[in-house]
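Asker: The lines below spell out each chain.
There are 2 protein chains.
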Amino acid sequence: MTDHNDNFEQDGDLLALESQLCFALYATQLSMSKLYRRLLKQLELTYPQYLVMQVLWQKDHLTVSSIGERLSLDSATLTPLLKRLESAELVRRQRTREDERQVEVSLTDRGSALREKARTLPAEVERASGCSTSEMKALRDQLNALKQNLDRI
Amino acid sequence: MTDHNDNFEQDGDLLALESQLCFALYATQLSMSKLYRRLLKQLELTYPQYLVMQVLWQKDHLTVSSIGERLSLDSATLTPLLKRLESAELVRRQRTREDERQVEVSLTDRGSALREKARTLPAEVERASGCSTSEMKALRDQLNALKQNLDRI
DNA sequence: GGCCATTAAATCGCGCACTATATAAGTTAC
DNA sequence: GTAACTTATATAGTGCGCGATTTAATGGCC
Chain P
258 MTDHNDNFEQ
268 DGDLLALESQ
278 LCFALYATQL
288 SMSKLYRRLL
298 KQLELTYPQY
308 LVMQVLWQKD
318 HLTVSSIGER
328 LSLDSATLTP
338 LLKRLESAEL
348 VRRQRTREDE
358 RQVEVSLTDR
368 GSALREKART
378 LPAEVERASG
388 CSTSEMKALR
398 DQLNALKQNL
408 DRI
Chain L
258 MTDHNDNFEQ
268 DGDLLALESQ
278 LCFALYATQL
288 SMSKLYRRLL
298 KQLELTYPQY
308 LVMQVLWQKD
318 HLTVSSIGER
328 LSLDSATLTP
338 LLKRLESAEL
348 VRRQRTREDE
358 RQVEVSLTDR
368 GSALREKART
378 LPAEVERASG
388 CSTSEMKALR
398 DQLNALKQNL
408 DRI
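Chains as they are written, first to last, in the numbering used here: chain P, 258 to 410; chain L, 258 to 410.
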């Protein structure tokens with residue numbers, strides 16, 4: 258609480274920051290990350306690691322770049338992350354025989370099994386977000402549309 | 258481009274990731290960051306640094322924690338960031354006389370002047386986002402509502 | 001005064017996210 | 001077949017963002 262002497266300015270300029278979509282996006286994403294950090298603690302995963310696991314649960318045996326396309330992340334981010342997942346024995350990484358440049362990432366048994374522990378997560382997040390399912394869908398679609406606009410530049 | 262052999266799976270599971278609001282939020286925020294990185298390059302600022310500058314342009318002479326409240330960031334993030342702004346000679350940092358625990362952050366002339374260079378930025382972002390102003394406002398309000406829900410836990 | 005709890009910043013360590021660059025495997029052109 | 005180009009991953013360095021701890025100043029409370 259900043260107690261005094263900055264209330265009379267809140268109508269003019271202070272709102273300038275709060276009026277910005279970009280800041281709302283930034284700050285909301287941080288709040289969402291914090292929620293996930295709490296929920297993912299028991300799985301010993303970070304949110305980006307959880308995203309990679311979700312990708313692999315949907316389709317196993319993907320190359321690094323294929324995971325990268327799905328998440329809009331590149332090898333500089335993914336390689337160390339995947340190494341951490343590997344040392345947690347959730348995935349394996351091996352060069353493909355057909356093309357030795359590529360690295361195929363596959364789930365271990367532990368990695369596959371973790372999916373069951375993660376099943377309750379979406380419901381918990383939805384509860385915490387406090388929006389109706391339709392509101393969440395609408396928001397999601399608007400965000401995806403915005404992202405598409407931002408990416409076409 | 259992943260060319261073949263994973264198109265027939267896109268209806269079932271692949272959409273699970275894309276169906277999630279959280280991922281949309283995450284990915285859109287990354288895209289927005291990329292846009293800002295490009296636009297802020299000429300100002301030699303990162304997006305979080307730009308946020309701090311906006312806060313100070315709105316109200317100068319704030320303590321670290323007061324900036325932190327406005328941006329939902331703590332001293333572990335802000336102290337090094339502010340030191341970078343200081344060494345770029347955009348802000349000054351000095352302990353307040355009344356309470357030596359506090360550090361007051363103030364704009365230098367250079368820091369104030371930078372505001373003029375930043376004036377064109379919001380319009381450029383708005384153009385890139387490709388949404389109407391009313392759409393952006395609606396989206397912003399929904400995000401703020403979501404953030405508020407996420408924070409009350 | 002002296003002790004204790006509280007508060008404000010700073011520090012440490014880790015994990016992204018990204019730019020730029022490197023390495024190495026594959027492909028093309030000649 | 002080899003030089004030139006392209007592609008897939010990895011590495012190096014920077015800057016957040018945060019949990020956990022530390023340091024130092026302040027405010028009671030006796």
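Careful, some of the hints might be misleading.
Which copy is meant is left open, because identical chains are indistinguishable; a pair holds if it fits in one copy or across any two.
[Unchecked claim] Result set (EDC-like, lysine to aspartate or glutamate): computed pairs, CA atoms no more than 20 Å apart in a straight line:
#: 1; residue 1: LYS374; residue 2: GLU357
#: 2; residue 1: LYS374; residue 2: GLU343
#: 3; residue 1: LYS291; residue 2: ASP408
#: 4; residue 1: LYS394; residue 2: ASP317
#: 5; residue 1: LYS291; residue 2: ASP331
#: 6; residue 1: LYS291; residue 2: GLU326
#: 7; residue 1: LYS298; residue 2: GLU275
#: 8; residue 1: LYS316; residue 2: GLU383
#: 9; residue 1: LYS316; residue 2: GLU346
#: 10; residue 1: LYS394; residue 2: GLU275
If you are wondering where the hints come from, they were derived from the structure by calculation, not from laboratory data.
Asker: Next step is simple, just say for each hint if it's right about the structure.
Answerer: Okay, the hints, checked on the actual structure:
1. Taking the shortest alpha-carbon separations for LYS374 and GLU357, neither the intra-copy value of 34 Å nor the inter-copy value of 49 Å comes in at or below 20 Å.
2. Taking the shortest alpha-carbon separations for LYS374 and GLU343, only the intra-copy value of 19 Å comes in at or below 20 Å, while the best inter-copy value is 46 Å.
3. For the homomeric pair LYS291 and ASP408, the shortest alpha-carbon distance between copies (9 Å) is at most 20 Å, but the shortest distance inside one copy (26 Å) is not.
4. Taking identical chains as interchangeable, the C-alpha atoms of LYS394 and ASP317 are never at most 20 Å apart, the minima being 27 Å within one chain and 40 Å between chains.
5. Within a single copy, LYS291 and ASP331 get their C-alpha atoms only as close as 23 Å, which misses the 20 Å cut-off; across copies the closest is 13 Å, which meets it.
6. Only between protomers do LYS291 and GLU326 lie at most 20 Å apart by alpha-carbon distance; the minimum there is 16 Å, versus 25 Å within a single protomer.
7. Within a single copy, LYS298 and GLU275 get their C-alpha atoms no closer than 31 Å, and across copies no closer than 23 Å, so neither meets the 20 Å cut-off.
8. Within a single copy, LYS316 and GLU383 get their C-alpha atoms no closer than 24 Å, and across copies no closer than 37 Å, so neither meets the 20 Å cut-off.
9. When the C-alpha separation of LYS316 and GLU346 is checked against a cutoff of 20 Å, the pair qualifies only within one copy, where the shortest distance is 18 Å, while the shortest distance between copies is 50 Å.
10. For a Cα distance limit of 20 Å, the shortest separation of LYS394 from GLU275 across copies, 11 Å, qualifies, whereas the shortest one inside one copy, 24 Å, does not.
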